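K.L.:
So the sequence lines, in the order shown, correspond to chains A and B.
Under my numbering, the first residue of the first sequence carries the number 4, and numbering increases by one thereafter.
Under my numbering, the first residue of the second sequence carries the number 260, and numbering increases by one thereafter.
Simulated from the structure, these hints should not be mistaken for laboratory data.
Computed from a predicted structure; not experimentally measured.
Some clues are possibly wrong.
[What the hints assert, rightly or not] Once the Cα atoms are required to be at most 25 Å apart in a straight line, the calculated SDA-like pairs of lysine to any residue come out as:
| hint | chain 1 | residue 1 | chain 2 | residue 2 |
| --- | --- | --- | --- | --- |
| 1 | B | K297 | A | T115 |
| 2 | B | K262 | A | S10 |
| 3 | A | K27 | B | P299 |
| 4 | A | K27 | B | W325 |
| 5 | B | K297 | A | E21 |
| 6 | B | K297 | A | S90 |
| 7 | B | K368 | A | P73 |
| 8 | B | K297 | A | F99 |
| 9 | A | K27 | B | K262 |
| 10 | B | K262 | A | G45 |
| 11 | B | K297 | A | E86 |
| 12 | B | K262 | B | W325 |
| 13 | B | K297 | B | I338 |
| 14 | B | K275 | B | T331 |
| 15 | A | K27 | B | E303 |
| 16 | B | K368 | A | G19 |
| 17 | B | K329 | B | Q342 |
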Amino acid sequence: DAGVIQSPRHEVTEMGQEVTLRCKPISGHNSLFWYRQTMMRGLELLIYFNNNVPIDDSGMPEDRFSAKMPNASFSTLKIQPSEPRDSAVYFCASSFTGAVYGYTFGSGTRLTVV
Amino acid sequence: AQKVTQAQTEISVVEKEDVTLDCVYETRDTTYYLFWYKQPPSGELVFLIRRNSFDEQNEISGRYSWNFQKSTSSFNFTITASQVVDSAVYFCALSEASGGGADGLTFGKGTHLIIQP
């Protein structure tokens, strides 16, 4: 089991550019979560999917953020246009039926917007 | 809405001391799950434990132990005979399960634990 795979590990981009973060969940897991970690706000849930369907995106900060899950093995988080305040570590996590069996986190993507 | 409070922002102890990290939670659900995660300097989130709201038994795993008390809405974590490798940020988290168990985690702000040699 390769775990939750996120790419890239690090991303540096200029303000105004589009950024796409990628996540491959653990095979067989039916829930996928995107979190953001900053010093000021800690770990925040941005959006989560059950069976590839977005369930709750109330944590998405603004319209510049969008997430998709076209199939059970892939999800993207896109920021367009990016701003310096989007600089953070973005974690993807997957689970089988959520809390009952726990959550496995990827290694995170450290995004720096300059 | 659910909430997790870790009042200790940073704790520093000398190696071999015992240390307790506090966690207090708020939820309206009767069914929920509590977690502890460790985030070492390398940045990944490492799962430590999961407890459901119906199981108040304390748990011990090696030098780690957890005290779950529903009466005080607390889920405290104790490290016995701390070691330098225990230095990390520790997060307490809550997941409500009344919606079928597929909700995400609400994290506390974390406690930065420093173990000095």
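K.L.:
Going through the earlier hints one by one, which of them does the structure break, listed in rising order?
P.N.:
2, 4, 5, 7, 9, 11, 14, 16 and 17
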